[in-house]
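All residue numbers for the sequence shown refer to UniProt numbering, where the first residue is 1 and numbers rise by one.
Think of the hints as simulated: they come from the structure by calculation, not from any bench. C-beta: ideal position from N, C-alpha, C; glycine also. Relax, there's no trap hidden among the hints.
Listed next, with one range per pair, are the computed distances between beta-carbon atoms: (1) A141 to V20: 45 to 53 Å; (2) D125 to V25: 52 to 60 Å; (3) V23 to G153: 57 to 65 Å; (4) Q160 to N103: 21 to 29 Å; (5) V25 to S145: 42 to 50 Å; (6) S145 to H112: 23 to 31 Å; (7) V25 to G153: 55 to 63 Å; (8) D89 to V21: 44 to 52 Å; (9) L26 to D102: 40 to 48 Å; (10) D102 to P157: 26 to 34 Å; (11) A159 to A59: 19 to 27 Å; (12) E154 to D116: 24 to 32 Å.
Below 25 Å or equal to it, Euclidean Cα-Cα: the simulated DSS-like pairs (lysine-lysine) are: (13) K62 to K155; (14) K62 to K105; (15) K155 to K87; (16) K62 to K87.
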Amino acid sequence: MSVNSPESGGMAQQVRNFVVVLVAVLLSVAVVLGLQTRTPSASLSDMAEAAVPFDQAIANGKPTLVEFYANWCTSCQAMAGDLEQLKGDYQQDVNFVMLNVDNSKWLPEMLHYRVDGIPHFVFLDNQGNDAGAAIGEIPRAVLASNLTSLMAGEKLPYAQAEGQASEVESALDMSGSADDPRSHGAQVVQ
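With the hints as extra help, turn the sequences into a complete structure.
Shown next, in the form of structure tokens:
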């Protein structure tokens with residue numbers, strides 16, 4: 001059998017096809033693994049379910065981090081992993097509370113803390129007094145510095161931090177605009 005025979009050409013084509021299939025499989029596996037590493041490990045709903053209830057946090061004598069959030073908020077979702085890590089580091093000494101702005105039950109707290117963008121973080125001292133706030137996507141290091149100072153009873157280094165936030169429309173506005181993504185196109189008749 002010579003190098004230029006038809007059998008050797010068929011064999012070379014089979015080897016090339018095998019290599020192409022192997023590369024395609026490896027690339028597919030790499031893409032799937034890459035997408036999995038970009039998916040947040042923390043679900044806002046799961047985090048809220050595991051959070052300390054607001055009334056309990058105010059009464060238990062520990063400093064508290066209250067997060068006003070919504071499941072549709074991309075900034076809230078982007079910070080979920082960082083907050084889960086902070087909770088793991090500080091949960092022995094700090095309450096972590098999550099209040100969903102889409103639940104009208106929290107309207108008095110939203111008004112009291114002037115929540116107009118989310119995520120909105122409120123730092124409360126061990127007596128439940130307002131020690132500072134942070135609005136929007138805040139670096140984990142900034143939140144950690146504030147939590148460390150809160151635990152020590154010191155003034156927060158970033159008492160009024162701001163980052164990218166999602167706007168919150170007042171729950172008192174019942175106009176029902178069809179432009180509201182949460183209206184699902186419904187019109188409210190006045």
